[in-house]
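Engineer: This is what each chain is made of:
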Amino acid sequence: MSVKVEASHGGIPHGKIAAAGIIIALVSLYIAVIGHEVLGFDYFAFFGGIAAIGALIWGNSAIKRLCSYGIGAGVPSAGMLAFGSGLFGMFLGIAIGAMTSVWIIPVAVLVIALITGVILGWIANTVLNMKIPVMIQSLAELAAVGALTTLGLRTVAIGGLELEAGFVFVAVGFIAVAFMLGAIALQHPFNACLGPGETQDRTNMLVIECGFLSMIIMAVISFVAVSAVAGWISLIIAIIGWAVSYKKYIALSKRDAAAWLDAKPFVDAEEE
Amino acid sequence: MSAIAAKAGADAGAFQPVPSIIALVLAIIVIAVGFVLGVGQTLCLIVLGAALIAFGVHFVPVGGAPAAMGQAPGIATGVPMLAAGAGLAGLFGGAWAAELGLAVALAGGAIGGALMMAITCLMVNMSYVFGMGIPPASGKIEKDPLTGYTQPEFKSQGTEGHGLPFISYVGGVIGGLLGGLGGTLIYLELLAFYEAVMPAADAVGLAGILAVAMFLVIAVLAAYNITGTIEGPHDPKFKRFPRAIIAAILASALCGILALLLMVLA
Chain A
1 MSVKVEASHG GIPHGKIAAA GIIIALVSLY IAVIGHEVLG FDYFAFFGGI
51 AAIGALIWGN SAIKRLCSYG IGAGVPSAGM LAFGSGLFGM FLGIAIGAMT
101 SVWIIPVAVL VIALITGVIL GWIANTVLNM KIPVMIQSLA ELAAVGALTT
151 LGLRTVAIGG LELEAGFVFV AVGFIAVAFM LGAIALQHPF NACLGPGETQ
201 DRTNMLVIEC GFLSMIIMAV ISFVAVSAVA GWISLIIAII GWAVSYKKYI
251 ALSKRDAAAW LDAKPFVDAE EE
Chain B
1001 MSAIAAKAGA DAGAFQPVPS IIALVLAIIV IAVGFVLGVG QTLCLIVLGA
1051 ALIAFGVHFV PVGGAPAAMG QAPGIATGVP MLAAGAGLAG LFGGAWAAEL
1101 GLAVALAGGA IGGALMMAIT CLMVNMSYVF GMGIPPASGK IEKDPLTGYT
1151 QPEFKSQGTE GHGLPFISYV GGVIGGLLGG LGGTLIYLEL LAFYEAVMPA
1201 ADAVGLAGIL AVAMFLVIAV LAAYNITGTI EGPHDPKFKR FPRAIIAAIL
1251 ASALCGILAL LLMVLA
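Protein chains in written order, with our numbering: chain A, 1 to 272; chain B, 1001 to 1266.
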């Protein structure tokens, strides 16, 4: 069960992508906190979406590393496990932030999710006898990715990281939307791109595209909770980001494809 | 890892006594902490619900990609998707009946999950038999233990069987029943706990999403235990379920204490 099949030779090593992902996620979340706490407006809500995308790039690299061992349950299972386990860290981190200070929420979420993931990875590797060398590290990383992505999408929707502002997010059920949008954005890119011709930059571009696509939905939802200006800023940035990354993804797909046929609809035949 | 080591790993069915005992001890410690914090009973019922889910997942006939090509029996998707589908259908059914008392809600959840799996199995068999033109046949057993129908004559050469034999169908329904029951139990326990400290709407949302999250964690761990495909309760892989239950006990104790700490802290 543990034959390693190398996905995408070369490319940036996992450690560097993980570090970049964590830094993007944490810095973006703190910019959102600064906007909400220091400057007193919620126009920086869109940085939550940037944080989610940073975390998703990290998570995609972790999924690629884990699934190169053949876990037998499919790539989507890793995305589901990531978000299922990350959610507990996210809620507990926010609760801890409510007791102390909003500034520790991103770090608290990251640490609690990492601990949850380590224990789940230990269970999978020893009790369930999976014996995959990167299992513990990967599940820890995936739990952290799930927690940070949900936190980022939540920030887009409600403008800040506080517990009080977040009740609408849970009570109305936006959390379920964020959960599935994040999980699909995490599991889809590698599931779609995997195979012998997988290249790292193309997969990462698909991650960014999926991240912005999720952010569009959260930006639309955010009009309920944030000011109209902040909602429009998030929505426009998400749409521009999605359009640019989609175009780039198509260009990279054309580059990697053996042949490309731009199929045309049969309009001419119909008219004749 | 070399291919030889991988072959040894393929014998993943062995029970692991030492890690299992460590896991159970850890789970007992977590539950004891729960009792110290005054949430022990809720936590115990959450763990029970998770164990039911982990057991139920093993009944569900999962075929994966080979089943989609008619080369293996089962429903043509992965374990987490099927378990999530059945369990969440049950969870919604139970949540809908939450006001009518524990027994009715649990029954609603169990029947919701079972109904979802029954419909899925029926439609899967319809598309196999009438769409792909293949008879249901198991590759793992000579005779169906419930109907007594013989299987090998109907099995195509080069396949591991195909379609959903009756025993797999029954397994799917039992799996949905147990999954729905466990998911609903977790949801109701979390709901009762949160309703005591916050407005009802918030409690429903929080309990719902955390029950879903816990369900997915347990279902994926059970899927890792199965490693790919399973035909149902007659499959040799079914005997692996004790490991998944132990894994579910520790994982749900951990997730449960985190979910309950939310309100103990606040």
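No lab work stands behind these hints: they were computed from the structure.
For glycine and all other residues, C-beta sits at the position ideal for the given N, C-alpha and C.
Fair warning: there could be bad hints in the mix.
Unchecked claim - Heads up, simulated DSSO-like pairs for lysine-lysine below, C-alpha to C-alpha not over 30 Å straight-line: (1) B:K1140 <-> A:K131; (2) B:K1155 <-> A:K131; (3) B:K1237 <-> A:K131; (4) B:K1155 <-> B:K1237.
As the list claims (entries may be wrong) - Each pair of labels, with its calculated beta carbon distance range: (5) A:I236 <-> B:I1022: 30 to 38 Å; (6) A:V38 <-> B:V1036: 53 to 61 Å; (7) B:I1119 <-> A:V102: 40 to 48 Å; (8) B:I1028 <-> A:G15: 48 to 56 Å.
Engineer: Please go over all the hints and tell whether each is borne out by the structure.
Structural biologist: Hint by hint, here is what the structure shows:
Pair hint B:K1140 plus A:K131 holds up; C-alpha atoms about 26 Å apart against a cutoff of 30 Å. Taking the CA atoms of B:K1155 and A:K131, the gap is near 34 Å; set against the 30 Å cutoff, the hint is violated. The hinted pair formed by B:K1237 and A:K131 meets the criterion: a straight-line CA distance of about 18 Å does not exceed 30 Å. Pair hint B:K1155 plus B:K1237 holds up; C-alpha atoms about 20 Å apart against a cutoff of 30 Å.
Range check, A:I236 to B:I1022: Cβ separation about 53 Å, and the 30 to 38 Å hint is violated. Separation of A:V38 from B:V1036 is about 40 Å and departs from the stated range, judged on CB atoms against 53 to 61 Å. A beta carbon spacing of about 47 Å between B:I1119 and A:V102 agrees with the range 40 to 48 Å that was offered as a hint. With their beta carbons about 37 Å apart, B:I1028 and A:G15 fall outside the hinted range of 48 to 56 Å.
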